[in-house]
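Protein chains: 4
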Amino acid sequence: VSPEVRHLSIRTERKVPRLGVMLVGWGGNNGSTFTATLLANRYNIHWESKRGQHSPNWYGSLTQCSTARLGLDHEGCDVHVPLCELLPMVDPNTIEVDGWDISSLNLAEAMERAKVLEPELKKKLRPYLEKMKPRPSIYFPQYIASNQATRADHILQGTTSEMLETIRRDIREMKERVDKVIVVWTANTERFCEILEGINDSADNLLKSIESESSHISPSTLFAVAAILEQCTFINGSPQNTFVPGCEQLAQMKGVFIAGDDFKTGQTKIKSVLADFLVNAGIKPVAIASYNHLGNNDGVNLSAPPQFKSKEVSKSNVIDDIVAANPVLYKEGEKVDHIVVIKYVPYVGDSKRAMDEYTSEILMGGLNTIVVHNTCEDSLLAVPVILDLVVLAELCSRITFKGAADKDYKPFSNILSILGYLCKAPLVQKGAPVVNALTKQRACIENILKACIGLPPEHHMGLDYKLTSIWKDKYANCNGLLNTHHS
Amino acid sequence: VSPEVRHLSIRTERKVPRLGVMLVGWGGNNGSTFTATLLANRYNIHWESKRGQHSPNWYGSLTQCSTARLGLDHEGCDVHVPLCELLPMVDPNTIEVDGWDISSLNLAEAMERAKVLEPELKKKLRPYLEKMKPRPSIYFPQYIASNQATRADHILQGTTSEMLETIRRDIREMKERVDKVIVVWTANTERFCEILEGINDSADNLLKSIESESSHISPSTLFAVAAILEQCTFINGSPQNTFVPGCEQLAQMKGVFIAGDDFKTGQTKIKSVLADFLVNAGIKPVAIASYNHLGNNDGVNLSAPPQFKSKEVSKSNVIDDIVAANPVLYKEGEKVDHIVVIKYVPYVGDSKRAMDEYTSEILMGGLNTIVVHNTCEDSLLAVPVILDLVVLAELCSRITFKGAADKDYKPFSNILSILGYLCKAPLVQKGAPVVNALTKQRACIENILKACIGLPPEHHMGLDYKLTSIWKDKYANCNGLLNTHHS
Amino acid sequence: VSPEVRHLSIRTERKVPRLGVMLVGWGGNNGSTFTATLLANRYNIHWESKRGQHSPNWYGSLTQCSTARLGLDHEGCDVHVPLCELLPMVDPNTIEVDGWDISSLNLAEAMERAKVLEPELKKKLRPYLEKMKPRPSIYFPQYIASNQATRADHILQGTTSEMLETIRRDIREMKERVDKVIVVWTANTERFCEILEGINDSADNLLKSIESESSHISPSTLFAVAAILEQCTFINGSPQNTFVPGCEQLAQMKGVFIAGDDFKTGQTKIKSVLADFLVNAGIKPVAIASYNHLGNNDGVNLSAPPQFKSKEVSKSNVIDDIVAANPVLYKEGEKVDHIVVIKYVPYVGDSKRAMDEYTSEILMGGLNTIVVHNTCEDSLLAVPVILDLVVLAELCSRITFKGAADKDYKPFSNILSILGYLCKAPLVQKGAPVVNALTKQRACIENILKACIGLPPEHHMGLDYKLTSIWKDKYANCNGLLNTHHS
Amino acid sequence: VSPEVRHLSIRTERKVPRLGVMLVGWGGNNGSTFTATLLANRYNIHWESKRGQHSPNWYGSLTQCSTARLGLDHEGCDVHVPLCELLPMVDPNTIEVDGWDISSLNLAEAMERAKVLEPELKKKLRPYLEKMKPRPSIYFPQYIASNQATRADHILQGTTSEMLETIRRDIREMKERVDKVIVVWTANTERFCEILEGINDSADNLLKSIESESSHISPSTLFAVAAILEQCTFINGSPQNTFVPGCEQLAQMKGVFIAGDDFKTGQTKIKSVLADFLVNAGIKPVAIASYNHLGNNDGVNLSAPPQFKSKEVSKSNVIDDIVAANPVLYKEGEKVDHIVVIKYVPYVGDSKRAMDEYTSEILMGGLNTIVVHNTCEDSLLAVPVILDLVVLAELCSRITFKGAADKDYKPFSNILSILGYLCKAPLVQKGAPVVNALTKQRACIENILKACIGLPPEHHMGLDYKLTSIWKDKYANCNGLLNTHHS
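Protein chains in written order, with this note's numbering: chain B, 633 to 1119; chain S, 633 to 1119; chain F, 633 to 1119; chain H, 633 to 1119.
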């Protein structure tokens, strides 16, 4: 084992642009709740529920509501700041929203349909939201569940190329209102696309297939292509393989950031915590049964097998890296019994329920069984994730790096795997390891942000206190970069 | 924010001594199961349960069964090794056990009483265990529940000073059989001791109080004093304040390591994971209700209010540092509604049950409720924690540090706060922050061990893959110490 | 075994009186929600929550929303009617409410404090409720938790006798507005009263003790005495022993109905179902751990040990009759490990949580473990129970019986044990068995109501269908009284 | 409403025959555990588990371990006796077992494979069980999951008619050893059979189809036909439609008892308790999500969609009668959102887990959520159900009835719907209502048994105590048949 020291300079453009976010599926529960939350925060709208008075917040947002340790204050106490204060980031109150939907409801109507927010809040938001109407969207019935047909009253007509052109024009319109645009797919889960030679396996073939009206191009891929061609970051919040090889290649060629897949919110998020905890404690999970039910339109759509398949795959791999990292507990190739079920139960609406059972082997043939019932309000957990994705993706576009041997500062590679914390199935560079363990994903974000301001990574050793016999005086900053040498 | 670079040299004595572990409460469920597990592993004893054939293991042990990433192999894949292979550590198979108990049962009988292991395993272990008989122990009825009186048939007589002397002689006897002895309190939870001026507030006063037969000295403090006077590391696995100021001072004066309090195993461990996860995700826990019941002798003893009080305090502070680290979610002084209940339910025996409900505020007045039912086999979770405590404490005694300005290598300060991962209420140096968040505690151990072999801390940034545009070639070791500079 | 046939004539007065209900603790969560629900139903008030539009209902009421099988219709199908249609009962919409409280808030303010109902509903109810103000009540600090002192701003002054007289005058005032008055204690749980010779052991002594200002008379007993002396039925909805022997005797002497104790709503109700189910299935519950937490004023008050003690006793006996009825599974004197815990967790408010674990022995040493988490909205479950208690108690006062040898029709004996379904600790005649099993309690009510209209009890044998070879034709009414003879 | 009194004489043959039980799927987990339990009880075999010493029992059996109230003893106390003492029933210790299996393992090997019983118990039972070897069985691959092929090493060859003849001969052989034989299908769940005109729609067509080798006859139907033709009661313990119309007709023509379908053990049993409780309390269940997983061979087989379909149907209708009986809560045609999921999770083996969530509407728009996690040891719950089925079915064959107008005593009609308590999808006479509510099903059995000894049904009115003013003296037997008249 011989470590190697490399030097890296990081530069962060400090001017924060006006950001426009365009949502595909704007009128869905996520889209309408995201928009409502932005406005409630911007206009500081208060409301009453049966539990009392409420004020708007961004609870559940990594950037707005979680903190990092900056160092010590003059009295030797830890100073924690919200992540969004480590570096200049977009203020949510300044974000402009726009988007598309296959349903023609305006955002006020969409918010009513969603049944996510309290009556008084909805009433106060209505004047703002009823002026917002999604642009018509792309509807290819074969990609989403047939039960979505009744919603699809607001769809683009014409050839695929014409649709692509319309979407690009929509984006360009938005660009005139703001400095930078990010496009987020928060629409229905589509079925998986087959990867076909000559069709979607290269950027070139993909563009040709669009022109030739191939039926193998999904709406989400079309939106991604439109965003890439307009030099806009595209984030995929659903599990399907939007980023077919041709699409990934196109993004690389154009130097456009892409990120995904599938917002990580409730059950999967907690599983990537618990499984990691257990394995890191030397305990061996052997069976994980995960059941979900929900009653919103996501649930309706997922009740169709091909769409569920996309979701199942996305949710299934979450423990793979955790298992692979412990060859003491798991022999090569050994698998955990892991099942994932999602069912549609209309009554519960947006109040998604997750029920999990973790069975683990402990000492000497013993078993530990952990049963979790989690009432995850679906959209209320997803909306801050959407915010974090766009805020962090925007920030990433202002960070550049220069290695010791380099002449110029260069950006992140175009697949933003740093956003893995926010995604169930993190998209990574070819050949790169997929990290699902949540604490590692969070450390990645936190430590990179700290590196941008010249702080060393958090190592949690706390040696100042453990070695008081050596360091008599308390140092002003125990975040000091520690160079250890062994002998 | 201005970090400061300090250099530190670390030296680890590589010769591993023969280790003797002396358990106070040897015949309890933890003590007997620990001994049985050691022997089953040493002699590779197999057994059958209704689920099939079993072989011995150390599942649940951080040092034996969890891994750390060492670097990359020649094919660029991560290499993970068990923590116990990072540095030379005591092999569990070589540990000698001895101890005291207020009950006269030999270890075979104690194992039967515990009802923790399978019949066939117990049968095979009996020949070894029936030769092991605890030494008589100290029984001061006012410190433990009155229901323990029936067990107390094997107790030291005489003055307190005589008892102290007997314990010291016992330790010296053990020292003749091995190279190093560690004493672990795994006996009953005692009631808290009042800290009294002139009695237990200084090393001197403490020793005088022992001589003068003060009723304010608990058995656990007496055992700690005996160990310290014999230069043996003492670990407190129960929640009471064994380490009264006088005891702590004595340890410091004698340069003896102490650690505690209260083995962290089931409910508290998972709580220090979940609460940390939630707060770090920007979600605000507002109410945590924690219920436990168990039916072993620990449960009997804790059914008395003063003993339960010790436990309740130990379990209550586990989220304090997590809350304090997030001033965005929690205003200064704001508290989580947090209750902890432990009940005695004889039927469940050693199969402790923990039921928790976490209520958290999420976006826009929403609530997230997580309900956990955890079947924690009490002793099976505690035994590997005991092993880790003695193995790591022994290792710590072989590590020394030298700062840039120092002449000599010096040891850890004598309170081993590095063992916080294994303790519900981590004992720390005066003035040092208490860390309860489990992932931070684990990172502390892992990164210090790595530092001992010259590896930098794990930062999880994965920049090799995120910056492929810069570093064309894959480096052989992405663990390389990264010096980042911002501009 | 030789059964004996007895004949009994039952007469039910069909004229339904105007009913007045007087609540002690009117401004509490139960009292204010009961009043709000009555009014919302009477005025058919609709409201919106985030889940959509709501109309008022009496869900959770046995009399209004559960059904009994009446017989078969012309097509041979079962006909089910709500219990309240079996016999003439008071229509909830006609009930007048009045009451007392130690807090001076009017009912609109009390409803706000309760945080039970939705904002829009509260707004619509406010005009009605703000006119309703509780009468001052009796506050003896030693009977309820000291934390209630801050609420007690509206209390009667003077001697105990004067207070009694005031309460009696209040009742008489109410009687002028309606035909019949029932008084219900829905106030705080008091601590238990000692039964003392010469103080509260006979009606006479009790009345004398009141005159002599004895400190051994609780407020709830005083209210009961006032109601009894005014010939009004008194129902005790809390667990304390309001009905000391002197009080019980007084009710008997005056021929006044009394009933109680402690509304049976959430955890205990389901326990009296599940334990009964298990034992009746030949499965042996061996350990039941029941944990509760709530954050309303009931929770505050119960956080004091003497008040909790009353509740614990009330909740503890619920499985005794079930166990006693199965001498195959339980040897004489054998007990189930049964614990009950109630904790105050402010944040959850009126949304009481119950967590239970049932461990049962099944075949051949196997164990069955049932874990239940129950989100019981405390007042929303209690209010329909209060309604059922007053509606059924009123009905009972119109039913009379005549045995074959009797000359006159006579009423129920004065302890209304028929209301056991609605009470955690059913009050019964001296010597009578206490039935806690919920299905038996419900059958009792249903079969007595049916008997009042000449229908035989429900026997569930369904012989019409099982013996089709005998009875070729389908009978018009399979409820027919079956006289079976064996040979 | 006008009840009608009918008189019925019941005669029970008191001589109990030697009973032989033939199990299809003898070597499965149910079959092997049933046999092992019979033998352990017969030979009073004790064993040790880690929890201590165990003796054999029939916990979970309605007939052996649950009780009925017989009346009062001389001191006025209730006398409860086990159901099996109400009437002469087969003693389990005298039952002879035989059967068929597609796997050739002897019963000792089958017991090992099942992993249900403790090692010491298995060791002691082995000498008895290894002599027992299933007869070869019928394997039509299209009826069960393809994953069963590897087990199928012990199957009948030849034409369908030849197989039928072999099975009949097997039964006749058994009949020589005992007085009466009952055949129970406890083998794999088959896919549903289509009902086809001319094939299986009449007894005649069914027999012809067997002769003509039709592929539309399932193995379970063939076994049923064999049993019927041999005048043996046939019970179907799996969910498939074994009793196609032709089979039902054949049983009727031959006057042979049939019963089924699908043993009711864990999740469905408790659901038929909880849903009934809620609706009977006036609470409205609106969504029930039921998840199961198990790891035994039943789970393997059910992982194939057609087999799961049979199970899903069987489990889905359990609340239908409960909902239909309450037109106050449910409008005509209104349905509860009800989903049932079963998954195969190998690790948990026979330790089936059921996780249910019940969401109910309560007062004024409130919601009650009950979450249940149930660790149901699959075979340990099923085996006593099998015992009850054969014991009660045998008893039923000795009971005859005579109406007032009849000349002769006649038996139960040939579909034993009285066994509904033990079946998930109770088979009933055409036109008869299906009762799923567990308490009604139990009352049916208990009251019929009581009627057989001349006792009136249990009405739970307890009037003796409620009317003490009338009946001064305590009657010797409050079970007295109560004739009530209203006026």
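Since the hints were derived computationally from the structure, they do not count as laboratory data. What you are looking at is a predicted structure, and each value in this text was computed from that prediction instead of being measured. Honestly, I wouldn't trust all of these hints.
One copy or two, either will do: identical chains are not told apart, so a pair holds if it fits within one copy or between any two.
Below, in silico cross-link-like pairs of lysine to aspartate or glutamate (EDC-like), each with a Cα-Cα straight-line distance of 16 Å or less [what the hints assert, rightly or not]:
| hint | residue 1 | residue 2 |
| --- | --- | --- |
| 1 | LYS682 | GLU993 |
| 2 | LYS807 | GLU862 |
| 3 | LYS682 | GLU752 |
| 4 | LYS755 | GLU744 |
| 5 | LYS807 | GLU752 |
| 6 | LYS755 | GLU741 |
| 7 | LYS1042 | ASP1096 |
| 8 | LYS763 | GLU741 |
| 9 | LYS754 | GLU680 |
| 10 | LYS1034 | GLU645 |
| 11 | LYS756 | GLU680 |
Comparing the hints with the structure gives:
In this assembly of identical chains, LYS682 and GLU993 lie within 16 Å of each other by CA distance solely across copies; the values are 15 Å between and 44 Å within a copy. Taking the shortest Cα distances, LYS807 and GLU862 sit within 16 Å of each other inside one copy (9 Å), while across copies they are farther apart (76 Å). With identical chains, the CA atoms of LYS682 and GLU752 are at most 16 Å apart both within one copy (11 Å) and between copies (9 Å). Proximity of LYS755 to GLU744 under the C-alpha cut-off of 16 Å is restricted to the intra-copy arrangement: shortest distance 10 Å within a copy versus 21 Å between copies.
Taking the shortest Cα distances, LYS807 and GLU752 never come within 16 Å of each other, neither inside one copy (34 Å) nor across copies (42 Å). Only within a single protomer do LYS755 and GLU741 lie at most 16 Å apart by alpha-carbon distance; the minimum there is 11 Å, versus 24 Å between protomers. In this homomeric assembly, LYS1042 and ASP1096 come within 16 Å of each other (Cα to Cα) only across copies, at 14 Å, whereas the closest approach inside a single copy is 37 Å. For the homomeric pair LYS763 and GLU741, the shortest alpha-carbon distance inside one copy (10 Å) is at most 16 Å, but the shortest distance between copies (38 Å) is not.
In this assembly of identical chains, the alpha carbons of LYS754 and GLU680 lie at most 16 Å apart whether taken from the same copy (11 Å) or from different copies (11 Å). Proximity of LYS1034 to GLU645 under the C-alpha cut-off of 16 Å is restricted to the intra-copy arrangement: shortest distance 14 Å within a copy versus 40 Å between copies. When the C-alpha separation of LYS756 and GLU680 is checked against a cutoff of 16 Å, the pair qualifies both within a copy, at 11 Å, and between copies, at 15 Å.
Going down the numbered hints, you'll see the structure goes against just number 5.
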